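Chemist: Sequence:
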Amino acid sequence: MLAEEIQEIEKNISYFENEQLESQDEDEEINYDDYDDYYNQDK
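Counted from 1, the sequence shown has number 28 at position 28 by the UniProt record's numbering; the numbering is strictly sequential.
Check before you lean on any hint, since a few could be wrong.
DEER-style ranges, computed between Cβ atoms [what the hints assert, rightly or not]:
id : residue 1 : residue 2 : range
1  : I9        : Y39       : 40 to 46 Å
2  : Y38       : I13       : 50 to 56 Å
3  : N12       : D36       : 32 to 38 Å
4  : E4        : N40       : 51 to 57 Å
Please keep in mind that the hints were generated in silico from the structure rather than gathered at the bench.
None of these values were measured; they are calculated from a predicted model.
Ideal Cβ positions, reconstructed from N, Cα and C, are used throughout, including at glycine.
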């Protein structure tokens with residue numbers, strides 16, 4: 001019974017870790033756009 005609960009918790013944790021990684025990727029894309037805007041201002 002306890003082992004099943006632990007597996008369920010680990011599954012939820014890995015799901016949230018994956019969600020966090022995906023949202024970080026989106027943030028990085030936004031940052032790259034900001035860098036493009038920054039470099040385009042110099043030209």
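Chemist: Can you name, in rising order, the numbers of the hints this structure does not satisfy?
Modeler: 2
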